[in-house]
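Chain residues, written in single-letter form:
There are 6 protein chains.
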Amino acid sequence: MRITISRRAHFNAAHRLHNPNFSDEKNEAIFGKCNNANYHGHNYELEVRISGEINPETGYLLDLKELKDIIHDHIEEKFDHKNLNLDIEEFKDILPSTENLCILIHKILTSQLDKKYHISVKLWETARNAVEYPAIN
Amino acid sequence: MRITISRRAHFNAAHRLHNPNFSDEKNEAIFGKCNNANYHGHNYELEVRISGEINPETGYLLDLKELKDIIHDHIEEKFDHKNLNLDIEEFKDILPSTENLCILIHKILTSQLDKKYHISVKLWETARNAVEYPAIN
Amino acid sequence: MRITISRRAHFNAAHRLHNPNFSDEKNEAIFGKCNNANYHGHNYELEVRISGEINPETGYLLDLKELKDIIHDHIEEKFDHKNLNLDIEEFKDILPSTENLCILIHKILTSQLDKKYHISVKLWETARNAVEYPAIN
Amino acid sequence: MRITISRRAHFNAAHRLHNPNFSDEKNEAIFGKCNNANYHGHNYELEVRISGEINPETGYLLDLKELKDIIHDHIEEKFDHKNLNLDIEEFKDILPSTENLCILIHKILTSQLDKKYHISVKLWETARNAVEYPAIN
Amino acid sequence: MRITISRRAHFNAAHRLHNPNFSDEKNEAIFGKCNNANYHGHNYELEVRISGEINPETGYLLDLKELKDIIHDHIEEKFDHKNLNLDIEEFKDILPSTENLCILIHKILTSQLDKKYHISVKLWETARNAVEYPAIN
Amino acid sequence: MRITISRRAHFNAAHRLHNPNFSDEKNEAIFGKCNNANYHGHNYELEVRISGEINPETGYLLDLKELKDIIHDHIEEKFDHKNLNLDIEEFKDILPSTENLCILIHKILTSQLDKKYHISVKLWETARNAVEYPAIN
Chain V
1 MRITISRRAH
11 FNAAHRLHNP
21 NFSDEKNEAI
31 FGKCNNANYH
41 GHNYELEVRI
51 SGEINPETGY
61 LLDLKELKDI
71 IHDHIEEKFD
81 HKNLNLDIEE
91 FKDILPSTEN
101 LCILIHKILT
111 SQLDKKYHIS
121 VKLWETARNA
131 VEYPAIN
Chain Y
1 MRITISRRAH
11 FNAAHRLHNP
21 NFSDEKNEAI
31 FGKCNNANYH
41 GHNYELEVRI
51 SGEINPETGY
61 LLDLKELKDI
71 IHDHIEEKFD
81 HKNLNLDIEE
91 FKDILPSTEN
101 LCILIHKILT
111 SQLDKKYHIS
121 VKLWETARNA
131 VEYPAIN
Chain W
1 MRITISRRAH
11 FNAAHRLHNP
21 NFSDEKNEAI
31 FGKCNNANYH
41 GHNYELEVRI
51 SGEINPETGY
61 LLDLKELKDI
71 IHDHIEEKFD
81 HKNLNLDIEE
91 FKDILPSTEN
101 LCILIHKILT
111 SQLDKKYHIS
121 VKLWETARNA
131 VEYPAIN
Chain P
1 MRITISRRAH
11 FNAAHRLHNP
21 NFSDEKNEAI
31 FGKCNNANYH
41 GHNYELEVRI
51 SGEINPETGY
61 LLDLKELKDI
71 IHDHIEEKFD
81 HKNLNLDIEE
91 FKDILPSTEN
101 LCILIHKILT
111 SQLDKKYHIS
121 VKLWETARNA
131 VEYPAIN
Chain L
1 MRITISRRAH
11 FNAAHRLHNP
21 NFSDEKNEAI
31 FGKCNNANYH
41 GHNYELEVRI
51 SGEINPETGY
61 LLDLKELKDI
71 IHDHIEEKFD
81 HKNLNLDIEE
91 FKDILPSTEN
101 LCILIHKILT
111 SQLDKKYHIS
121 VKLWETARNA
131 VEYPAIN
Chain G
1 MRITISRRAH
11 FNAAHRLHNP
21 NFSDEKNEAI
31 FGKCNNANYH
41 GHNYELEVRI
51 SGEINPETGY
61 LLDLKELKDI
71 IHDHIEEKFD
81 HKNLNLDIEE
91 FKDILPSTEN
101 LCILIHKILT
111 SQLDKKYHIS
121 VKLWETARNA
131 VEYPAIN
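Protein chains in written order, with this note's numbering: chain V, 1 to 137; chain Y, 1 to 137; chain W, 1 to 137; chain P, 1 to 137; chain L, 1 to 137; chain G, 1 to 137.
It is worth saying that the hints were derived from the structure and are not from the lab.
Hints may be right or wrong, so weigh each one.
Note: identical chains are not told apart, hence a pair may lie in one copy or across any two.
[Claimed, not checked] Each computed EDC-like pair below joins lysine to aspartate or glutamate, with the alpha-carbon atoms no more than 16 Å apart: (1) LYS115 <-> GLU53; (2) LYS107 <-> GLU47; (3) LYS122 <-> GLU47; (4) LYS33 <-> GLU66; (5) LYS78 <-> ASP24; (6) LYS26 <-> GLU53; (7) LYS33 <-> ASP87; (8) LYS26 <-> ASP73; (9) LYS92 <-> GLU53; (10) LYS78 <-> GLU53; (11) LYS115 <-> ASP80.
Since the model is a prediction, treat every value here as computed from it, not as a measurement.
Make a model of the complete structure from these sequences and hints.
Below, the structure written as structure tokens:
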């Protein structure tokens, strides 16, 4: 019985989109208000989905408390109330766009969960904008 | 023209997670607060998605009133304001986890709808926890 | 500067509405499906609002972490994953309706917070039904 | 790095479901209240999802401002505060059901976006009813 | 024990804002897109709040099933899938703005409920726009 | 006919809570993660409510387009994608807590709207935390 479970979490962070290889004019043209040198921020809303087989003894795919703890320890503790550009090692050389943040969260969760699970991540930057990885099609 | 329609519904129920083959200690360790002998409960939120071809005469895949009535008669009437462990025949021998409840709802809807439709079910136990069947990947 | 802050929380519980002074027929007539002898349950959603003066040194009315902890320790720990009829002492003699639960939560919070604050509580039993105490007018 | 981004938008419109090839009785039987000759209306909520490769220089799949503008100019301006039956050329000969409206929106967006992207559209007619095109399976 | 209960409901309707005493230019200037001669529509979301004393025998202010039925019979049946300008007698001479619709709903509910209750109505025309009557201050 | 209308808006901003009169230890003890020197951020959600008399000629308390424009020009343009500590003059000497931000928004709107209206503001910093000014009681 292959099934998918999902768990939601959230965290708040500051960031700025700025490519040091671009001129100031190009950064402003491409990133607009997201280029503000003093940073801005978001309440990120996260949905993690895990697919696999149900354990008939527990009726669970995976204990949601275990998934909740992994998300808390490795995602919320890492990103909550942080500045993505300055406080997160992985964004020293890549842009902290929602796309790249979604892929980074997927990478972290993949390293923490058993390889038998298929993992997908949806990350909302605002109530209207979101990113999913892997792509849905 | 293959398309997917979805319909949301909800119901409230009590349940308890307890495997009679486990010791009390193991039940407590695995199910935690969900093992409370006096039951606890949830507002279950349901999204049913049906895929198939549009009928050009009506512009409908399926009349949503018909789907609404099937969900009302076979899901809401069966589960709403019930104790899943004590009132639902199908949970006499299997655990009423959200995973198993989602699969049972899928089975009931499959028996009520034309075989030409592809059916999937997403069931939220809380605003943060959900299950989908069949698995999304 | 008098202001109001609000904090949301939630918990899941089972309950049953049944007045032992009524006949079975009268209980069924008045409480309907809520009278199910095996209990049913809800995801209760709570909004606590506190009014008072801002502290100019912190910009806070009250540290929200402190309010979050009070709600966690005295409301969530007490009611979450419980059976309101069987597990909660205060409902031994009064009906665990949403109205009475809302008043009980208000009473507990009043005993935990400084008397200088004005407290109000809104409690949703479902997405469509809620209770507020004190009354809004 | 293939990824999916999504953007939400909304618009309000009136419509009526009526097939001129049906008798009045058949229209009433099939479309019920949706057949009201004086029209009724909805707040349509739209989620557009675009899949493709991330641009490493910007961290973007596609600039969301660009997507926001395309949705504004070609969807919101076209449908918002309109009567789908009377004001929209494409519904002169086909029924303005949510299914057909979802397919029309998909067709318009496909004509406005680069062919390298995969586009999918989910359209809510009410908080409980939605349509997705292409079908999810 | 004075308390407030609330109940949510919704309905879909078409309308148009047009004052026959104004010129076409003035109607267009004041009402903009809402003046479209072919109508547009909304999913109206309604919250009804009733204040009064709890009945100690039932733990209820008022049976929510009774309130649900009154809202269904006198509000949803009257307005759902209707054209407010053409189908609703009360809007023959007054503008079907959200403000006037909110006051009309309040008047209807007042006529259906016991005079001992205090009634207030909040009506959302969209997720962002709402009206409350009586005024909150 | 005195009535209340409300309008929702949102903006994203970075901030940091830090009182220069406190020691680093006291700032850390009082503001915790909100004291991060590199800032963090939020999606602020705003509800503005205006009370007054309906204009019988338009059925409006106030044209919502006008209110939408005032909120856009004086609130969204001022705060969206900004750093509250560094970019906002009014927070040079006071802490950019949600409480103080709510009061500042109320002050700005009061200066832009006719004195005959009563204005109140509710500002959510997260889905669970909000502030209202003036106090509700």
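These are the hints, each one checked on the structure:
Taking the shortest alpha-carbon separations for LYS115 and GLU53, only the intra-copy value of 13 Å comes in at or below 16 Å, while the best inter-copy value is 25 Å. For a Cα distance limit of 16 Å, the shortest separation of LYS107 from GLU47 inside one copy, 14 Å, qualifies, whereas the shortest one across copies, 26 Å, does not. Taking identical chains as interchangeable, the C-alpha atoms of LYS122 and GLU47 lie at most 16 Å apart whether they share a chain (5 Å) or sit on different chains (14 Å). Taking the closest pair of Cα atoms, LYS33 and GLU66 come within 16 Å of each other only across two copies (14 Å); inside a single copy the shortest separation is 39 Å, beyond that limit.
For the identical chains of this complex, LYS78 and ASP24 are neighbours neither inside a copy (30 Å) nor across copies (22 Å), given an alpha-carbon limit of 16 Å. Taking the closest pair of Cα atoms, LYS26 and GLU53 never come within 16 Å of each other, the shortest separation being 49 Å inside a single copy and 21 Å across copies. Within a single copy, LYS33 and ASP87 get their C-alpha atoms only as close as 21 Å, which misses the 16 Å cut-off; across copies the closest is 13 Å, which meets it. For a Cα distance limit of 16 Å, the shortest separation of LYS26 from ASP73 qualifies neither inside one copy, at 38 Å, nor across copies, at 25 Å.
Taking the closest pair of Cα atoms, LYS92 and GLU53 never come within 16 Å of each other, the shortest separation being 38 Å inside a single copy and 22 Å across copies. In this assembly of identical chains, the alpha carbons of LYS78 and GLU53 never lie at most 16 Å apart, being 29 Å within a copy and 26 Å across copies at closest. Proximity of LYS115 and ASP80 under a CA criterion of 16 Å is satisfied in neither setting, with 26 Å inside one chain copy and 33 Å between copies.
In terms of the numbered hints stated before, the structure departs from hints 5, 6, 8, 9, 10 and 11, listed from lowest to highest.
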